[in-house]
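Here's the letter readout for the chains.
Number of protein chains: 2
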Amino acid sequence: MFTITFRFESGEPVVISANAGEKLLDVARKANVAIDAPCSGNGVCGKCRVRLVSGYLDAPINRHITSEEYAAGWRLACLAQISGDAEIEVPDIASAYRSRMKMADLSSPEEIALFEDLRRQLEEAGLAFGSDLSFLPLELTEPTLEDTMPDNERLLRAIEAAAGVDESAIMLPYPVLKDLSWVLRESGFRVKCVISRDGERILVRDVLPQSSTEPMVGFALDLGTTSLAGVLVDLETGKILAKASGGNGQIRYGADVINRIIESDKVGGRKRLQDAVIKESIIPMLASMYRSAGVNPRRIYRMVLAGNTTMNHLLLGLHADPIRMEPFVPSFFRTDHLYVRDIQLKMNPLAELIVAPNIGSYVGGDITAGALVSMIWNRPEMSLFIDLGTNGELVFGNSEFLMSCACSAGPAFEGGDISCGMRATDGAVEACTIDKETMEPSMTVVGGAAPAGICGSGIIDVIAELFRCGIINGKGKFIREGARILHDEHGMGSYVLAWKKDTGGVKDVVINEVDIDNFIRAKGAIFSATQTMLASLGFDASVIERVYVAGGIGSGINMKNAVTIGMFPDIPLEHFHYIGNSSQTGAYAMLLSSQAREKVFELGRSMTYLELSNEPGYMDEFVAACFLPHTDSGLFPSVRVEP
Amino acid sequence: MFTITFRFESGEPVVISANAGEKLLDVARKANVAIDAPCSGNGVCGKCRVRLVSGYLDAPINRHITSEEYAAGWRLACLAQISGDAEIEVPDIASAYRSRMKMADLSSPEEIALFEDLRRQLEEAGLAFGSDLSFLPLELTEPTLEDTMPDNERLLRAIEAAAGVDESAIMLPYPVLKDLSWVLRESGFRVKCVISRDGERILVRDVLPQSSTEPMVGFALDLGTTSLAGVLVDLETGKILAKASGGNGQIRYGADVINRIIESDKVGGRKRLQDAVIKESIIPMLASMYRSAGVNPRRIYRMVLAGNTTMNHLLLGLHADPIRMEPFVPSFFRTDHLYVRDIQLKMNPLAELIVAPNIGSYVGGDITAGALVSMIWNRPEMSLFIDLGTNGELVFGNSEFLMSCACSAGPAFEGGDISCGMRATDGAVEACTIDKETMEPSMTVVGGAAPAGICGSGIIDVIAELFRCGIINGKGKFIREGARILHDEHGMGSYVLAWKKDTGGVKDVVINEVDIDNFIRAKGAIFSATQTMLASLGFDASVIERVYVAGGIGSGINMKNAVTIGMFPDIPLEHFHYIGNSSQTGAYAMLLSSQAREKVFELGRSMTYLELSNEPGYMDEFVAACFLPHTDSGLFPSVRVEP
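If you read the protein sequences in the order shown, they are chains R and B.
Quick note: to get our numbering, add 508 to the position in the first sequence (first position is 1).
Quick note: to get our numbering, add 508 to the position in the second sequence (first position is 1).
Chain R extracted, bound-state conformation (with noise of 0.2 Å):
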């Protein structure tokens, strides 16, 4: 046996004995010492960098890995075997696309109109908003030696009064019951419930004094593969309180779904799965949205949570490996009576964990979240509704008819697989033109900040213009010199969009040739699930007569150079509308609106889905796509490299 410490940035040094011959990944995740390794340990994604300290560990040169960093004692954690004692620096966690938990400036008049448009939206579809829960305030006769009627059956009674319901159907459960006493006397017997009705029978969930002046509080869940996104909601209102975005700690067990499931399959696996999302994801965002708009969790009384198949799975603790397995069966696609302590969160005791609805093994709560706000249900013409996760998932249809399918994307769309990837958030690189003749760039950075990454639309526009100008050519490969492309000892090329010394950063902002290949197959992905979907169908891209985009890939998505690229069909650009994380402006509906919450419920039963692992010309498709634009210029007509 061998001691290996593991040292951070900060905090104490963890220490944990291993034998020779043991994967230095393996070792840090019995260390529960988080790595990140989106590939799960393959050496594919280079993610895992470790510096050896001092010591020994067997680890071989990979191109992840240059001579020089080698020499300074950078490994790939997933590819080096303990071989002696050592000691390992292991970088923050949160590396660039598994960006900090980030709030929202609910001010910005962007904020704002993303919800109340979609109100109105659903308003004219014809869903109202409001829900089953409200505030019933209520004036009790104080007990005497005459009316010595216990404390319950006093409420009871006048709720059985205000609400005109039988005293029989009202449920007032224990965490209600234990402060009653205490809150009835404490106001005076002037008190105002929480209930919610369901048809003649009412839940008691809160009992608080009259003079409380504290908002009735929802929480709205995207759970991504990658990313998370939040929002709690005054459900009387529908006011965002707070807002938050942050990371899935659940990267360091692999990137994409399947490597999740294989690890949450091993021993303790559903345990550690499930606590990296809660413990290091969800209840850090929450803290700090508690904190942020004065919210005390118990007055959170429902919570809705849009996530894709796996991650539902994942989050509740499921067993996730016959999502896997042929015959590829999840444990529901539907599921009620869930509650939120049912995942050790602490909110109201009483409060509902509400998910929206699968649809498939691999077309989740997300997409029929999603497909809610794209509103192709509501119209005549023919849409398609996309959504740009590391899964990508399509729906195609209209008011007549329904049809999704999933294809695996990877987290490219969010910066991930990409060297200096990010999410769209500050210091991301979200909008880019390059000039022909000189070679330079001009970009957008979200909050104008110095460059310190790109996210998606970035990288869109990034690869769009580098292939516009004759760069890069049609396999990705570099075929222009100049001041910002660089070679490394392998002869990889890259594109330096923003030097070190100019940003102040740590190192220089680059696209290179492994980031534009992991993109083209992301591309290459999503093309050919929407050519293989239509043609299922009897279709081809020209019936489309609209395309709603939606996911992390941010608001400035070009859509001409996602055209450029390959990723979207060529019809004309004014059919594109990007509608932002679908996923969770429909679980923010979902809480607001009985009606709609039932929409998504409907959605999801009378949505089709479409296997495409069992359509014959798929992996045709995807290869012909893993191009740019595609290897058949035919259906980019729109699409020139200019001369």
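Among the hints, erroneous ones may be present.
No distinction is drawn between identical chains; accordingly, a pair holds when it is met within one copy or between any pair of copies.
[Unchecked claim] The calculated lysine-lysine pairs, modelled on DSSO-like cross-linking and capped at a C-alpha distance of 30 Å, are:
#	residue 1	residue 2
1	K700	K774
2	K854	K686
3	K686	K774
4	K779	K854
5	K854	K787
6	K854	K774
7	K610	K747
8	K787	K686
Simulated from the structure, these hints should not be mistaken for lab results.
Based on these hints, arrange chain B on the given structure of chain R.
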């Protein structure tokens, strides 16, 4: 600040700092050191004896401590004040009447008859056995590529088909969903569900492999102020799987409900009192029962609790002070929708907690459950049901009406407040006669062992015999001398039932004048309550056609002797029946029979409650009854002191 060290017969010492003048009992409670203090620190009961081993303690001598004992370091913790560093020896908390947890011998014919008789009687009264819980065996079709229905839907469809209810009326909550995928696959999709039906609704409570042989178990608990008694029951067959009794760990916060409520109202008190009964008493009792019966706690699907109003409030962690303070209003009489998890007991996560209803602040679920068992609600005869607990409760009436009242008897009937008192377990003197000439006793001891103490029925016998033999007078003072009559330095007389040299015990088994006085007050409370209740109805004792006596006083209770000491009215002896622990058997019936449960709730609604303290004659009745047999000997024509 001084340093106080508590030492124990076994286990590590506990060290805590304390200020000069602090009461030692309070310091012990702060340090979570268990010292019996049934009178809650008023120097009355003498139970909080500790020994000063070294150091200083400011403590007076007291009638409970002889000068010999004082010299040996014995002090009452409730009267001792900190005056320097001190080292204190704390006797084993399992004092005489707080005896150790005891498992019942289920093979004894008495035990078997107890529950079988009850069942027969209830069935004769038209209350069928059988609850809403049942096993539902299911064989599901295995999923294929052509049938990828999710697991929960597959199960719901199978239940729908087998049980004939609509899928939408079947609830499948998280604890079942959590392991569903695993159970289905492990069992080859052959499972059995534990379900409960409520009209057209079905709740799925568990899913097990069809091969599982584990029974469906229920837990019935009689929670007394001094003792508790529990049974584990097979819910399908009614078979008793384990039965145990033990002391209530709250005893160190006071012997009666009033002192406990006062303690619970201090900072952190609710939690302390709740922990004392749950963690120190219920959980260890359950652990022994699980072991002895080989029961998996997850298979316990329901718990029924029968206890007095204060006990069920303190167990639930509710604010109990309003019970004690005018206008005496509890949080509840009847409460539904409670779960075992609400009190942090680990059984099946969906197990309900059913609480036998209270009917007043001082007549609780032990009496409504017990009244069921007494069967007085089913008979035309005027009957009196007496539950001899720390509180004495009475129910009088017949199939036409029922009236109840309560009086504070103290723990004497269970052996408390009696220097050699104990519960009716092994070693307890349960019956006794005394030879008038020689004054020598003949005793019956529970379990046939050497006498270690006296239980309630034994005390009745000893006092009745001492009185009959003219050894004590009507005030309970010794008026004869003899080898077995001792007097201490204060002149207090006592009678030695068994010498330690003969029993091999650590001390003589005696009964002294303080014990007799305590017992006379207890019996006086019961008799005066009977008289007052009858008088409120315009009756006297002659109307009573049957008396049903319940409680932990012991099955050996000699009704003639109980009449002799003036505890029960002087009516023909054949009208008296001892019915055992009716609170426990009532809880058992509620567990197994939905109809019996309904009947208990109906009894709770129909019984009237007489508040004795509002009755003008009650205090005079009590004073008159504190005499052997009574100051008005005309009430007891059959009682004669032998000449």
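Return the numbers of the hints above that this structure violates; sort them in rising order.
none
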